[in-house]
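There are 2 protein chains.
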Amino acid sequence: MAERLVVIGGDATGMSAASQARRRRGPDDLEIIAFERGHHTSYSACGIPYWIGGEVDGADALVARTAAEHRERGIDLRLGTEAVGIDLDRRRVRTREVAGGAESWTGFDQLVIATGAVPTRPRIPGIDADGVHGVQTLDDGEAVLRTLERGGARRAVVVGGGYIGVEMAEAMIRRGLDVTLVDRGEQPMSTLDPDMGRLVREAMEGMGIEVVSGAEVRKVLTGDDGRVRAVATEDAEYPADVVVLGLGVQPNTGLARDAGLALGEHGGLLTDLAMRVRGAEGVWAGGDCVEVLNLVSGTHQHIALGTHANKHGRVIGINIGGGYATFPGVVGTAVSKVCDVEIARTGLKESQARAAGLRFVTAVIESSSRAGYYPGAKTMTVKMLAELRTGRLLGLQIVGREGAAKRVDIGAVALTAGMTVDQMTALDLGYAPPFSPVWDPVLVAARKAADKVEAELRGH
Amino acid sequence: MAERLVVIGGDATGMSAASQARRRRGPDDLEIIAFERGHHTSYSACGIPYWIGGEVDGADALVARTAAEHRERGIDLRLGTEAVGIDLDRRRVRTREVAGGAESWTGFDQLVIATGAVPTRPRIPGIDADGVHGVQTLDDGEAVLRTLERGGARRAVVVGGGYIGVEMAEAMIRRGLDVTLVDRGEQPMSTLDPDMGRLVREAMEGMGIEVVSGAEVRKVLTGDDGRVRAVATEDAEYPADVVVLGLGVQPNTGLARDAGLALGEHGGLLTDLAMRVRGAEGVWAGGDCVEVLNLVSGTHQHIALGTHANKHGRVIGINIGGGYATFPGVVGTAVSKVCDVEIARTGLKESQARAAGLRFVTAVIESSSRAGYYPGAKTMTVKMLAELRTGRLLGLQIVGREGAAKRVDIGAVALTAGMTVDQMTALDLGYAPPFSPVWDPVLVAARKAADKVEAELRGH
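In the order they appear, the protein sequences are chains W and H.
Sequential numbering of the first sequence, starting at 191, is according to the working numbering.
Sequential numbering of the second sequence, starting at 191, is according to the working numbering.
Certain hints may be false.
To be verified - If we take Cβ atoms under 7 angstroms as the criterion, some of the chain W residues that face chain H in the derived model are:
id : residue
1  : A251
2  : V253
3  : T497
4  : A534
5  : I555
6  : Y563
7  : D599
8  : V603
9  : A604
Note that these hints are calculated values from the structure, not bench results.
All residues carry an ideal CB built from backbone N, CA and C; glycine is no exception.
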């Protein structure tokens, strides 16, 4: 008799796992049932800001593989079906049909928990007002567009200055709105050090975005029609016809916790390298509902990113399928942009390095995306952290224009390999005038960092 | 009394070495004399095609640091002065003034040989005709421009399908000429495998460039005015008002050989990791006149690239300056473009891997520069070579549009670190829809390569 795999969650991790397992094991060997609460599968939540901004034409474009395509591949996909309980002892999952509420049990041999994350929503007055939106699901995206399209929206307030926040600020600008970004941090993009975040802030202000830092939203104010009209911090009110929440997400692990599975300090499930949930035979988890090991700090983090979710799903599916794969961890790479300003980071920022017990030097340089004389060359700022004594690369941050963001991949690979900044000065990176100065900006930063490591060793 | 450093060659390696040494040792401690045959220092030969193509405004833009700037930094720079002999026993260099011919001896304690390379010029009839040009020096660039600007030039023949060849083809197209590229190889860009070179060929043909492969130029035909009028291969004649030679370069090491220094099998000087010439105390060399160790094949190569020359100069200057630096070798990275087609390679191509005694699998995939739904996403083809059994990355080739070339840096770092393609599938590369699909094209290739390594292990 075939083994049965049950997947909870029909997005990146769940459906990648199902697809990979199916590729390796036919329906006679492995039955696959996937439950998804919503009505879409395998979609790119990361693309929602660009859809709202009008650069992507409709939600369908964001769907990588439809329900029908999954079913054609022999996956019994049940949309509109929410998992409401996991019984590990009897190896079964309780589900409820969202429309109707009918509940039933489904047994499993293997279980993949891919329940994702839920957006952080501050518990403040007015948060549920008409015109206040998260941007995590396709339904959220549709709701934002409805608010924008009913007309009259002129002013947007974006709450939160992280990736979603800056990307939604761009989307609102593209929609022709006046944009205010309200952020708790010292500078926007708190995944960067403040000196690099300041560059993002200045660039955003140059685009006409009002950036309010160090401010917490206390209240959402509504008009008589129930629609949002402003956002209030302790000190000020910011008029708003639409409010977008970009306050990050938290692992959606209530179901797992209720089933008795242990959660990490960030509320995510903890897995081993094969993505098996710790202490639960035949139970796997990945994506936004797990914590991942940061290979540089040696600590676990919660990082909600589609690229990790896809990798997790692939690893789970290969392993269930009888192959062998592991997910060793992350180095904390993330790239984003706001209009033409590219933002990238990998490894640890200063406060993270200190929290990990590391001591380090920092190097900040300005260089050019192309040979200085080549048309379109743009300045970028590169910051590098290197460990004292060993000179090991600890982190890389880049803010610039075209050609800035993906240069962070050089640092991501170097971090994975445990390279020193001195070793990095000799890296054989691609050089031609349209693509790089003769010393790539990352090499210029490595040179400066290596010099500072050496100077520290000498105790100058 | 101060030590004396003599530098032969005032371009990237020579002047980088001089500058680095000067930064670390003042004039009282180190006298620096640099001889340069020409009239320019520290210029970007790689930029010449873009200057000729009209994208760079004048030769001055290509000069990174002028003679005056070097002199201000305490370097006794003597332009128009050619080194004609090296007397290692008596530690002195014989020089001749290009204008006038006066010769003299200059003693040295430390000597840097940075004599660069000379372009390959086939010994065929008509090769010295008016209108036939190399493109290695700023003087060459001026000569090409004079030929173009005297009017009437409609047809260009570019001889050689390597980097210079394809870049000059682009320049000639930008100048409005009809372009024929005549190349000996099976496909243009013979630093790529033929299947990838074919993509370059097809793209060039799509731009209206006539690409003639497998053809050797036998003769340059001239008119009564002594100007070039056509180029003849064994089989055909190609009308030409201007001919550009892009046949590569050879190490300019006659001086070194005459001084009794040993040369490698490619005619370049051989150095140790600190860039000291083997068997010659206090003699250093770098740039286009040396051979470099390819870290993947374990063999020496001659690679004329400004980025290596600059690194060599820095290493030499640091060491002469009393610091410590090494140049461990290269992995064979090179990037280029022809109009909007980007071309990149690192590591070994198939024939190189075989020649090195390696056995391998290959994986070729097509993917997208951005999320498929994001505006401006372009297809790129990625080819990966991975060693049998170990799965170690051996080479990476990419042909595509915007965003293709610099992705090769991921492979360059991974090769340096000795990563396997399986390890690469877990690399934490930057992902956001404007910059990458959720699986970066390099990761897609790594997945396929890893699958093929696994399949080979299983013996099918």
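* Failing hints, ascending? -> Numbers 2, 5, in rising order.
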